[in-house]
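Student: These protein sequence lines are chains A and B, in that order. Sequential numbering of the first sequence, starting at 1, is according to my numbering. Sequential numbering of the second sequence, starting at 1, is according to my numbering.
Worth double-checking, as some hints may not be accurate.
[Stated by the list, open to error] With the Cβ distance kept under 7 Å, some of the chain A side facing chain B (calculated, not the full set):
hint, residue
1, Leu50
2, Ala69
3, Pro117
4, Thr127
5, Asp173
6, Cys177
7, Tyr179
8, Ala194
Read the hints as simulated data drawn from the structure, not as lab findings. Every residue gets a Cβ at the ideal spot worked out from N, C-alpha and C, and that includes glycine.
2 protein chains.
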Amino acid sequence: MLGDFAEVIMWKNDLEFISVVLFRKMDSKDKRNASCGSSAIVHNPHLDALKDDILYHFSLGTGTHDLRAIFGDVKFVCVGGSPWRMKSFIEYIAAELELEPGTVVVTKQSVDATFQPKFEQVILGKTVVRSTDLDQSLAEELLQCSKELNQFQTVVGNTMCTLDFYEGQARLDGAFCSYTEKDKQDYLRKASEAGVCNIEMESSVFAAMCKLSGLRAAVVCVTLLDRLKGDQLSSCHEVLQNYQQRPQILVGYYIKRQLKTKAGVSQV
Amino acid sequence: MLGDFAEVIMWKNDLEFISVVLFRKMDSKDKRNASCGSSAIVHNPHLDALKDDILYHFSLGTGTHDLRAIFGDVKFVCVGGSPWRMKSFIEYIAAELELEPGTVVVTKQSVDATFQPKFEQVILGKTVVRSTDLDQSLAEELLQCSKELNQFQTVVGNTMCTLDFYEGQARLDGAFCSYTEKDKQDYLRKASEAGVCNIEMESSVFAAMCKLSGLRAAVVCVTLLDRLKGDQLSSCHEVLQNYQQRPQILVGYYIKRQLKTKAGVSQV
């Protein structure tokens with residue numbers, strides 16, 4: 001379903017729901033169906049026997065839509081937070097903004113709450129462990145893009161992916177809390193020693209599924225607060241809005257640079 | 001924050017995002033601040049030391065909003081699927097619909113993928129197991145309401161709560177599948193033998209948090225397909241729409257009956 005240049009980039013800023021943006025090939029010479037050479041691997045033999053594959057949550061189906069014709073030219077898949085943020089990203093691709101500095105994290109490894117780079121799934125009642133390795137060359141390219149942009153600080157580091165927002169992230173401000181401020185600080189310090197730069201809740205399943213599918217994938221986040229200093233967002237709305245635009249500025253810059261490079265190659 | 005009659009009812013129809021509806025006391029004689037006697041337990045001593053408690057995802061905070069004044073008279077909290085469904089529920093409360101029969105499941109126990117009534121959380125890197133017991137008397141009251149309504153079949157049974165929609169629910173139609181149709185059938189049959197009537201993905205954390213908080217809670221679902229016969233939704237949109245209204249009809253009936261009973265008591 002993905003185009004032959006398809007890359008999957010996930011970015012997020014907090015814990016809102018996930019939306020998806022697809023970027024098609026912008027070269028009109030490209031044919032919609034030219035993407036049969038996609039290297040994405042589908043690990044399910046049962047799909048061949050399926051008459052119609054209904055993607056219920058997207059209101060799409062193989063019986064009702066020609067998915068190859070609709071999505072065959074997709075070049076970049078971006079998965080992010082709330083719909084408004086994805087809309088703002090689409091708008092941004094056409095109109096860049098000058099932003100104040102901050103810290104963007106490009107994920108090296110997505111680790112679990114014990115700092116291991118793994119994603120545990122339960123399949124037919126049995127626990128299966130999957131690797132959460134991300135594409136290191138894509139992470140390096142994104143870091144390089146940030147240097148070229150020179151608008152905000154960007155680091156490559158580990159992202160801790162937890163199962164919940166409060167106790168799972170050692171917060172003291174949830175409805176439940178059975179540990180002390182010191183327990184929290186000790187845990188977050190251990191996380192930091194394990195190379196964790198930020199915490200969120202979706203990167204491990206994203207990394208594991210992309211890895212299994214043979215897709216080049218990256219996770220780009222922005223840190224909204226220093227968890228060693230507090231649990232609640234204390235910055236004003238405007239500052240947070242600014243922070244939240246940083247991952248999209250970086251990913252937008254990368255996409256444009258990629259398209260320019262491809263265009264340069266095809267002109268030669 | 002909850003009123004003294006507050007009850008939490010969660011219902012859902014598929015795996016879309018969660019929305020919340022609050023039902024206030026409808027008796028104007030009730031005072032907004034009359035709810036100090038709420039029996040809900042807050043298990044976090046750190047909250048007392050917090051100057052402002054910002055509920056970021058709801059755009060609410062103790063510094064900016066008088067939460068007791070706004071929510072002190074809440075009587076029923078209903079948590080459900082997508083915003084459109086919750087909107088439809090609010091509209092429904094005023095205008096009942098006649099619907100075709102089907103199967104509504106009121107959850108007895110929310111069980112995990114190994115059919116155990118527990119919810120595992122990772123806190124400070126350590127696994128903590130919490131009970132997912134729901135209020136049996138509330139489940140029985142809802143079953144009784146369904147008998148009075150006499151519009152569709154309702155059963156009390158176990159609900160299996162999984163960590164993902166595809167492999168976690170033994171589906172054959174996901175992007176990944178490493179088991180056979182027979183493995184799937186064997187697993188679902190074992191689930192059925194363990195009393196599982198339906199599968200979804202949110203009931204265990206809901207049940208565990210309500211149990212910990214001392215809140216009377218129920219889960220009301222509607223089954224959309226027979227998983228022993230297939231994985232994809234084959235019913236037409238209209239039929240599915242009908243099915244999805246059933247939990248709200250049942251919960252709406254229960255709420256009205258409760259309000260009528262309370263009104264009857266206060267008139268005496």
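Student: A separate judgement is required for each hint: does it hold in the structure or not?
Tutor: Status of each hint after checking the structure:
| no. | hint | in the structure |
| --- | --- | --- |
| 1 | Leu50 | holds, 6 Å |
| 2 | Ala69 | violated, 20 Å |
| 3 | Pro117 | violated, 15 Å |
| 4 | Thr127 | violated, 9 Å |
| 5 | Asp173 | holds, 6 Å |
| 6 | Cys177 | holds, 4 Å |
| 7 | Tyr179 | holds, 6 Å |
| 8 | Ala194 | violated, 10 Å |
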